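Chains as they are written, first to last, in numbering that gives the first Met the number 0: chain L, 0 to 292; chain B, 0 to 260.
Keep in mind the hints are simulated off the structure, nothing from the lab. Treat the hints with caution; some may be incorrect.
Claimed, not checked - Only some residues are given here: those of chain B computed to face chain L with a beta carbon under 7 Å:
1) Arg84
2) Val96
3) Glu101
4) Gly114
Just so it is clear, the structure is predicted and the values come from calculations on it, not from any experiment. Just so you know, even glycine gets a beta-carbon here, dropped at the ideal spot from N, CA and C.
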Amino acid sequence: MSQVQALVLNMFEQGFLFAFLGLGVLITFRFFRFPDLTAEGSYPLGGAVAAALLVAGTNPFLATLGAIFAGAAAGLATALIHTKLRINNIIAGIIVMTALYTINLRVMGKANTPLLNTPTVFGDVAGWFSLSENVMTTIPIAAAMLAIGGLLLVWFFHTDLGLAVRATGQNETMALSLGVDVDRTKMVGLALSNGFIALSGALVAQNHGFADIGMGIGILVTGAAAVLIGEAIFGDRTIAVWVFAAIVGVLLYRLLVALALRLGLEPIDLRLVTALLLLLALAIPRFRRRILR
Amino acid sequence: MILELHRISTTFLRGTANAVKALDQLSLAVAPGEFVTIIGSNGAGKSTLIKSIAGLAPPDEGRVLFEGRDITRLPVYARAAAIGRIAQDPAESTCAVMTIEENLAMAARRGQARGLRLAVDDRARERFRAALAPIGLGLEARLAARVGTLSGGQRQALALLMATISGSRLLLLDEHAASLDPKTAEIVMALTARLVEERGLTTLMVTHNMQDALRWGNRLVMLHAGRVLFDARGAEKAALTVPGLVERFHQVAEDKLAFRR
Numbered sequence: 000m001s002q003v004q005a006l007v008l009n010m011f012e013q014g015f016l017f018a019f020l021g022l023g024v025l026i027t028f029r030f031f032r033f034p035d036l037t038a039e040g041s042y043p044l045g046g047a048v049a050a051a052l053l054v055a056g057t058n059p060f061l062a063t064l065g066a067i068f069a070g071a072a073a074g075l076a077t078a079l080i081h082t083k084l085r086i087n088n089i090i091a092g093i094i095v096m097t098a099l100y101t102i103n104l105r106v107m108g109k110a111n112t113p114l115l116n117t118p119t120v121f122g123d124v125a126g127w128f129s130l131s132e133n134v135m136t137t138i139p140i141a142a143a144m145l146a147i148g149g150l151l152l153v154w155f156f157h158t159d160l161g162l163a164v165r166a167t168g169q170n171e172t173m174a175l176s177l178g179v180d181v182d183r184t185k186m187v188g189l190a191l192s193n194g195f196i197a198l199s200g201a202l203v204a205q206n207h208g209f210a211d212i213g214m215g216i217g218i219l220v221t222g223a224a225a226v227l228i229g230e231a232i233f234g235d236r237t238i239a240v241w242v243f244a245a246i247v248g249v250l251l252y253r254l255l256v257a258l259a260l261r262l263g264l265e266p267i268d269l270r271l272v273t274a275l276l277l278l279l280a281l282a283i284p285r286f287r288r289r290i291l292r
Numbered sequence: 000m001i002l003e004l005h006r007i008s009t010t011f012l013r014g015t016a017n018a019v020k021a022l023d024q025l026s027l028a029v030a031p032g033e034f035v036t037i038i039g040s041n042g043a044g045k046s047t048l049i050k051s052i053a054g055l056a057p058p059d060e061g062r063v064l065f066e067g068r069d070i071t072r073l074p075v076y077a078r079a080a081a082i083g084r085i086a087q088d089p090a091e092s093t094c095a096v097m098t099i100e101e102n103l104a105m106a107a108r109r110g111q112a113r114g115l116r117l118a119v120d121d122r123a124r125e126r127f128r129a130a131l132a133p134i135g136l137g138l139e140a141r142l143a144a145r146v147g148t149l150s151g152g153q154r155q156a157l158a159l160l161m162a163t164i165s166g167s168r169l170l171l172l173d174e175h176a177a178s179l180d181p182k183t184a185e186i187v188m189a190l191t192a193r194l195v196e197e198r199g200l201t202t203l204m205v206t207h208n209m210q211d212a213l214r215w216g217n218r219l220v221m222l223h224a225g226r227v228l229f230d231a232r233g234a235e236k237a238a239l240t241v242p243g244l245v246e247r248f249h250q251v252a253e254d255k256l257a258f259r260r
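Chain L on its own, in the form it takes in the complex (with noise of 0.2 Å):
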């Protein structure tokens, strides 16, 4: 395999995977405006819920499923915190975060959890194909994974609940007005949001085969800046666009960190590397207005 090859692989399935963190992301970056510090928190949950069941026995798809409600439970904790006590939301995510720490530490009972043995959502879909969980059957599957997530929820963002949740972060003021309960908006949107994101880290870790409890150390900002990314590129269009836009700003930025690695950068200057990608993508919108002014 060329080293390019390999590249482009590396970047389609490590993308598809981070993709559902930059679609949970990008929900309360957009939509709701604030950066929502609870997926630091909910990213590792949904690697560390996942492997704990697995680890436990439990069907790769339950399991899965049930990284997927932990991490809206964490979501709605951090909603539930900025509605009920009035908490500003950036500071309701930080208590969410923090307190997810010690969570993620008690459900693995460790600081890492090995997924060597156990079956994965990828290795089950593959046997049913009569195939061997390798990149070129990860790909596939985690492409129509994908493709479902962000059908849905694009669909979601167009039925009368999604308007609510979409005009409840654009225009309150209107949204309360037109009989919206924002509390309840709000709930919907984070407990989606970080159900998203940890459904990415439930894939990661059974793609890696461990849940780390670092794992999710800048996650916010990686997904930001894929949104960012997307964003840079596509512009501000529709909800289906926003989506798309996002997924393929999460596997630019795979290849970006991926090319930075492969001239000669060590993984410890990543994240100046993600700083100035994140600074470029906020950029560029900017610089392409004056050039068409």
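Dock chain B against the given chain L, drawing on the hints supplied.
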């Protein structure tokens, strides 16, 4: 009476040196079908009055009754099914990043459960087109356009339709034509009068334009320092003129001040 305000008081920055009494034991009863125009100088309490009825600024004291029910502390969203409100800033009553049809779909679900049903289908579009066409601004051909691309007047016209599309019974207008140019304001006011008439809406309209206050509605209330200074309806209102109104203002204001001393 559809709306009764019993001695409501609101003080902003209460307990500080800068405390401002926006409403002072104000009482007002509005009968079904009345179109009340509300005038008063800056700080008279006009907007606070509207906000206490809409639930955005519940009064510190007193009671607000709507159709006989005490709604003083009811959350804003819980009264939205029956009460529509439009503010001066078009950005407040419509959502810029959502399309015209999405805004209307949100408004049409007022007071109903919002579930996982597609918000806009062909039947809804048909209904929205039929509702938009009589406005005469061509919005019926732009259902999928984002509201942020519309002019201020178009947005306020859309807001009017949104406030009335799902059977509200009380319409609160807080200087909703004030930020528009005179010609657009005229269109929006004509649309307001038509919708109020057609749907038999009880309406409270705050305006700083005395001409508008005289021209529209069938009752006029003048506020001053958080109280009702002057209240005219029917023939008495019809006979009012701008100079007459100014004179009444000075006369009553002086009487009240003298009385207070």
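Hint check results:
Here the hint on arginine 84 of chain B is kept, as its CB sits about 5 Å from the closest CB of chain L, short of 7 Å. Checking valine 96 of chain B against chain L by beta carbon gives a least distance of about 5 Å; that is within 7 Å, so the hint holds. For glutamate 101 of chain B, the interface hint holds, since its Cβ comes within 7 Å of a Cβ in chain L; the closest pair sits about 6 Å apart. For glycine 114 of chain B, the interface hint holds, since its Cβ comes within 7 Å of a Cβ in chain L; the closest pair sits about 6 Å apart.
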